[in-house]
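A.B. asks: Sequence:
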Amino acid sequence: MAKDKIAYVCSNCGQESPKWVGKCPACGQWNTFKEIRVADTRQQVASSAAATAGHALRSNKVLKLSDISAHDDPRIDMHDAELNRVLGGGLVPGSIVLLGGEPGIGKSTLLLQTMLNMHEKRILYVSGEESAHQLKMRAERLNAKPSDDNFLILCENSLETIFEHIKETTPELVVIDSIQTISTEDVESSAGSIAQVRECASALLRFAKTAGVPVILIGHITKEGTLAGPKILEHIVDTVIQFEGDQHYMYRILRSMKNRFGSTSELGIYEMQQTGLRQVSNPSELLLTQDRDGLSGVAISSAIEGVRPFLVETQALVSTAAYGTPQRSATGFDQRRLNMLLAVLEKRVGFKLMQKDVFLNIAGGLRVTDMAMDLSVIAAVLSSNVDTPIDSDWCMCGEVGLSGEVRPVARIEQRIAEAEKLGFTHIIIPRHNLSALERKMFSIELVPVRKVEEALRALFG
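Under the numbering used here, the first residue of the sequence shown is numbered 5, with each subsequent residue one higher.
Think of the hints as simulated: they come from the structure by calculation, not from any bench.
Any given hint could turn out to be false.
In silico DSSO-like pairs for lysine-lysine, Cα to Cα no more than 30 Å straight-line [claimed, not checked]:
#, residue 1, residue 2
1, K38, K9
2, K23, K9
3, K125, K262
4, K455, K356
5, K444, K425
6, K235, K213
7, K262, K38
8, K140, K125
9, K455, K425
10, K27, K9
11, K360, K455
12, K262, K213
13, K38, K27
Here are the in silico distance ranges between beta carbons for each label pair [as the list claims (entries may be wrong)]:
#, residue 1, residue 2, range
14, L299, C31, 45 to 53 Å
15, K171, A136, 17 to 25 Å
16, E442, N35, 52 to 60 Å
For clarity, every value in this text was computed on a predicted model and none was experimentally measured.
By construction, the Cβ of each residue, glycine as well, lies at the ideal position given by its N, Cα and C atoms.
Please take these sequences and the hints and turn them into a complete structure.
C.D. replies: Next up, the structure:
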């Protein structure tokens, strides 16, 4: 009988070491090596799961680049416009997708309701966390009527058994919920460990590439917000999607963190309801407060995430520091960029905020990374500081530089058109963007500015 051995694996990148070390030589992280007990299988040919999934790899041949035919396989329609957009137009056959998110955010609900609507595909839904009865109750809550022949459910944790059922049922799409609950017999450690996650993901990858069947994995995340398991898990898969949002809000954001078949700047927005997740086709109307008249510290910005423009409400509160040391807090916005904008406001414009607390919030629980939000952040902070509301018919977009200049932003036409569609009458834009615009195209009044002072003068007089 083979004697078990002790190995140490980095939880961040998957680097192995025969002994414990403080700093990983591969990724440079400290205190990430974890002890695992593995069987001495180096003399064996390969594990049964890996051999089953990668049987066709042994017949591959060396090909010249000129001999390979270039053709785009038709993507699989997910019957979900938001999910299709984030995936880059649909699911690519033979690809492997990793969906991550916090517990209770709606990962299983999103995939289950999507799979239930794909009646034309034979789908195998493998659940390692819930029973078949629980999945049936969830399906009834989603008011879905799946085809009895095409939607198959398997409650199993063994990778070898899953491959046996895949061979019997020959599905066209496989969903694993979740990868941390699946284990293989060839790794003698508990499910969810670094070795188990790595081996199971590698076997599923070989199956997806050789059989041409797409696989969707659901992954847990750690308390730091990163995907649980080795970092190599994110390198193995073709697409990494993050499902995020505050559980206290009804909005959910679907972001693409990695995509070999599309853009990583796309964004999908959902609204959590009692009957499941509803696609939000026009997020601007949901993210704006309907009654903004007379409210100070509120500014509307025309932002873009991916290819989608929408208007975002920026809320700011400025008050005297009660404990001597001023606080700087930002929700949904980069904290360091907020500090930079406050320094610009104090140095270039002359407003003293050194002894005041500044709190910033992006309404709706949204997290926005668009640089065009800078102008609305400064306007909201100043509006709260002087306690003067901004006219509800005004919105703005523009990046602010360290010299106080308003820098041009990309795709200005889409930003203006979105503001005009929602009934705004004035929009502040960078002056450098004006040369490429035709004013006759828009009925909204364009207010070009070159510096922050000009924008504040237009807003507050």
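A.B. asks: Hint by hint, say whether it matches the structure.
C.D. replies: Hint-by-hint comparison with the structure:
With a CA separation close to 14 Å, the supplied pair K38 and K9 stays within the 30 Å bound. Pair hint K23 plus K9 holds up; C-alpha atoms about 11 Å apart against a cutoff of 30 Å. With a C-alpha separation of about 25 Å, the suggested pair K125 and K262 falls inside the 30 Å cut-off, and the hint holds. A threshold of 30 Å between alpha carbons decides the hint, and for K455 with K356 the separation of about 18 Å falls inside it, so the pair holds.
This hinted pair checks out: K444 and K425 have alpha carbons roughly 16 Å apart, not beyond 30 Å. The suggested pairing of K235 with K213 holds, with an alpha-carbon distance near 21 Å, which does not exceed 30 Å. Under the criterion of a C-alpha separation no larger than 30 Å, the hint pairing K262 with K38 is consistent with the structure, at around 27 Å. With a C-alpha separation of about 19 Å, the suggested pairing of K140 with K125 holds against the 30 Å cut-off.
For the given pair, K455 sits about 27 Å from K425 by alpha-carbon distance, which is consistent with the 30 Å threshold. Of the supplied pair hints, the one linking K27 and K9 holds, its CA atoms being roughly 22 Å apart against a limit of 30 Å. A hinted pair counts as satisfied when its Cα atoms are at most 30 Å apart, and K360 with K455 qualifies at roughly 24 Å. Taking the CA atoms of K262 and K213, the gap is about 18 Å. The hint holds against a cut of 30 Å.
With a C-alpha separation of about 12 Å, the suggested pairing of K38 with K27 holds against the 30 Å cut-off. Checked against the hint of 45 to 53 Å, the pair L299 and C31 passes, with Cβ atoms roughly 47 Å apart. A hinted range of 17 to 25 Å holds for the C-beta pair K171 and A136, which are about 21 Å apart. Evaluation of the 52 to 60 Å hint for E442 and N35 yields a pass: the beta carbon distance comes to about 59 Å.
This entry satisfies every hint, going by the numbered hints stated previously.
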